[in-house]
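So for the sequence shown, the numbering used here puts the first residue at 658; every next one is plus one.
Hints are computed from structural coordinates only; laboratory data are not their basis. Even for Gly, the Cβ is constructed at its ideal location relative to N, Cα and C. Please note that a few of the clues may not be correct.
[Said to hold, decoys possible] Cβ-Cβ distance ranges computed for the label pairs, FRET-style:
#1 G1359 / R914: 52 to 60 Å
#2 E713 / R1179: 17 to 25 Å
#3 P1272 / L709: 40 to 48 Å
#4 T812 / L930: 45 to 53 Å
#5 A1129 / T1104: 42 to 50 Å
[Unchecked claim] Heads up, simulated DSS-like pairs for lysine-lysine below, C-alpha to C-alpha not over 27 Å straight-line:
#6 K672 / K735
#7 K814 / K664
#8 K672 / K814
#9 K732 / K779
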Amino acid sequence: MVALDSKLSSVIGGKSAKVLADGLDLHTVGDLLRHYPRRYQQRGELTDLSDLRVGERVTVFAEVQGVSGRRIRPKLHKTDVVVSDGHRSLDLTFFNQPWRERELRRGRRAFFEGTVEVFNRKRQLTNPYYELVDDDEGVVAAEFAGQLVAIYPSTAKVNTFTVQRCVRLVLDQLDAPPDPLPDLVRGRRRLVGLATALHDIHRPASREDVQAAETRLKWDEALALQVTLAQRRAAAAGNPATPRPPVEGGLLAAFDRRLHFTLTDGQTQIGQLLADELAGPHPMHRLLQGEVGSGKTVIALRAMLQVIDAGAQAALLTPTEVLAAQHAASLRGLLGPLAQAGELGAAEAATRVTLLTGSQSAPARRRALAEASSGEAGIVVGTHALLQETVGFADLGLVVIDEQHRFGVEQRDALRAKAVNPPHLLVMTATPIPRTVAMTVYGDLETSALRELPRGRSPIESLVVPAAEKPAWLDRAWERVIEEAGHGHQAFVVCPRIGEESDTFDSETGTALVDDGQEGRRPPLAVSAVYAMLRAGPFAGLSVDMLHGRLAAEDKDAVMRRFARGETDVLVATTVVEVGIDVPNATIMVVMDADRFGVSQLHQLRGRIGRGTAPGLCLLVTDAEAGSPARERLAAVSRTSDGFALARLDLQQRREGDVLGAAQSGRRRQVRLLSLLRDEDIIVAARAEATALVAADPALSGHPALAEAVADLIDEEQAEYLEKA
658 MVALDSKLSS
668 VIGGKSAKVL
678 ADGLDLHTVG
688 DLLRHYPRRY
698 QQRGELTDLS
708 DLRVGERVTV
718 FAEVQGVSGR
728 RIRPKLHKTD
738 VVVSDGHRSL
748 DLTFFNQPWR
758 ERELRRGRRA
768 FFEGTVEVFN
778 RKRQLTNPYY
788 ELVDDDEGVV
798 AAEFAGQLVA
808 IYPSTAKVNT
818 FTVQRCVRLV
828 LDQLDAPPDP
838 LPDLVRGRRR
848 LVGLATALHD
858 IHRPASREDV
868 QAAETRLKWD
878 EALALQVTLA
888 QRRAAAAGNP
898 ATPRPPVEGG
908 LLAAFDRRLH
918 FTLTDGQTQI
928 GQLLADELAG
938 PHPMHRLLQG
948 EVGSGKTVIA
958 LRAMLQVIDA
968 GAQAALLTPT
978 EVLAAQHAAS
988 LRGLLGPLAQ
998 AGELGAAEAA
1008 TRVTLLTGSQ
1018 SAPARRRALA
1028 EASSGEAGIV
1038 VGTHALLQET
1048 VGFADLGLVV
1058 IDEQHRFGVE
1068 QRDALRAKAV
1078 NPPHLLVMTA
1088 TPIPRTVAMT
1098 VYGDLETSAL
1108 RELPRGRSPI
1118 ESLVVPAAEK
1128 PAWLDRAWER
1138 VIEEAGHGHQ
1148 AFVVCPRIGE
1158 ESDTFDSETG
1168 TALVDDGQEG
1178 RRPPLAVSAV
1188 YAMLRAGPFA
1198 GLSVDMLHGR
1208 LAAEDKDAVM
1218 RRFARGETDV
1228 LVATTVVEVG
1238 IDVPNATIMV
1248 VMDADRFGVS
1258 QLHQLRGRIG
1268 RGTAPGLCLL
1278 VTDAEAGSPA
1288 RERLAAVSRT
1298 SDGFALARLD
1308 LQQRREGDVL
1318 GAAQSGRRRQ
1328 VRLLSLLRDE
1338 DIIVAARAEA
1348 TALVAADPAL
1358 SGHPALAEAV
1368 ADLIDEEQAE
1378 YLEKA
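Required output: the full structure, derived from the provided sequences and hints.
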């Protein structure tokens, strides 16, 4: 008998084990048994061929309709096979395999596996692997004998049939594994045992078996995640922190008197919550999510001022230098004389806002480091440069992280480690987060949501511009930009990439651009090419600037200053403008290749306009076909400005691994079955069970199998599962 941690080579042989290791990164029995089927083929039913997507690796069960072979060159023989599901057909092409004509006779049925391609406008599989399944001819392997046949994720190196055979060998020898779910939890939630679940997920007798097995295995994943987060919450709650209570007559009171607007009810309520937590004996750990433009910065600044009044410092970590500079300028503008400590005209209780980035000159960096370490700077704003060992603080009391999804847990902890005592933590995001994501990805934080927009914000209209179908609409888009400039307003034009070096990644964030599998699409547009085209063409009479992350720091600052002062009519940029850019005079945005961006990213981008008194217009330019998923996604964005509704749509359209944080280094993703969208009930219940388990037994000493499962899921190297990709 074998255990889950047994090496595959000891069970299925060295040759087969090497194939699975090289092709699917599977090394142990547990690895293989957690390589779950992606679907099940009902015995005797043909696969619906209408859903096949170009570029997708598929396994289909179909019937041969016809076969023909011919020699197309002296040394090249071509065999064409047509298979059908009874309604639609799929072409198969084999080269230099003339015997396929004898095997694949009309009427025979088989599983065919390959990558969907297009040739002569028809879908086809080239040299597909196949397994005949024909009762009349006696070609029925044990893997195909049941009513449901498991179809596995596969690669060009390892087909689904190899996985099937290896799984059968392993299951026939598997010893009952220790069950990580405590008996009380399993009984209370009516879950099958682990051994039963592993058997039935691979070799089910019915759909009911599959459902019961999937539910149980999802619980394993959800509970391990939630136990880890519950342990983090418990550890944080047990840490002492230096209380930072409000001080009468300090900076915060002076700032509130300076405000030229009234805080919204939401800002007031959350501000009071933060004030109470900062005054407490344990570190605040709070996530503040809010709509674009909802006023999170003011809330964060008031919290920072309370900490400064109490004799400590605050650090604000941002993902880009452009955003860091924008935040520093914005905070100084809001504070006025209160941020001019040591300068003429400074207020009596003034502090200093210091900027620290990686591309600063040596003198500027030395000055910033000195102001942070001496305590002269009450607020230090910076990028990843804040995390370097050379950066120190006199007394770091509050860490604020903007756009939390750009940072991992290690980066968050690295900044907190610079404090003498555990500091308070506030992380912010303008990307609304569905409930299950907040409970899973950010489950070690308490969550607050700011939905109310400040009074006076202008509405933003969003329209889809189908450039390929209606090129005149794109011409009209450029005319609208010119008209806005004529009224004294400014515009953004946003592109997916900086240059021509990559077809698949956002050059600023490193994340994959959205790809809906459209065959033969041109590469995403680059900001450099669009900038040159607009300056020489439609916008020849306007002042046009370009902004992207690879510009030198002083060049980026100069571009932003010109745009903020109104000297630039049009800013052609990458997603570097996605967050934090606040130019109230900008009223129109044109997003090129808009379908290449995610839903939440588009919502973030259009939040850069309509920040003043004039209404905003966001034009989503696309060459995606009408009726395609890409067009449907853009239509949804154009219909609503509710970021929370769009966040749910975004989750529907993204892979779970993108949300849960598939390891970017290429490791296998440990969370395979759990869906943040479909499994909310399981996640909520698992959180409750995990909280109770950790409260009663923090180290899980009474639940060794569960402790081992948690360690397998989340070890020190894989803590980045909390990162959003």
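Quick one: are A1129 and T1104 within 42 to 50 Å, going by C-beta?
For T1104 against A1129, whose Cβ atoms are near 46 Å apart, the range 42 to 50 Å holds.
Could you grab the alpha-carbon distance between K814 and K664 and see if it respects the 27 Å cut-off?
With a Cα-Cα distance of about 20 Å, the restraint between K814 and K664 holds, given a limit of 27 Å.
Hint check: K672 vs K814, CA-CA at most 27 Å. Holds or violated?
13 Å, holds
Range hint 52 to 60 Å: satisfied by the CB atoms of G1359 and R914?
56 Å, holds
Proposed proximity, K735 with K672 (alpha carbon, max 27 Å)
32 Å, violated
Just to be careful, I want the Cα atoms of K732 and K779 compared with a cutoff of 27 Å; is the pair within it?
26 Å, holds
Starting from the range 45 to 53 Å, see whether the pair T812 and L930 falls in it by beta-carbon distance.
Given a distance of about 50 Å, which is inside 45 to 53 Å, the answer is holds.
Has the hinted range 17 to 25 Å been met by the Cβ atoms of E713 and R1179?
21 Å, holds
CB-CB spacing for L709 and P1272 relative to the 40 to 48 Å hint:
44 Å, holds
The structure fails hint 6 only (numbered hints given earlier).
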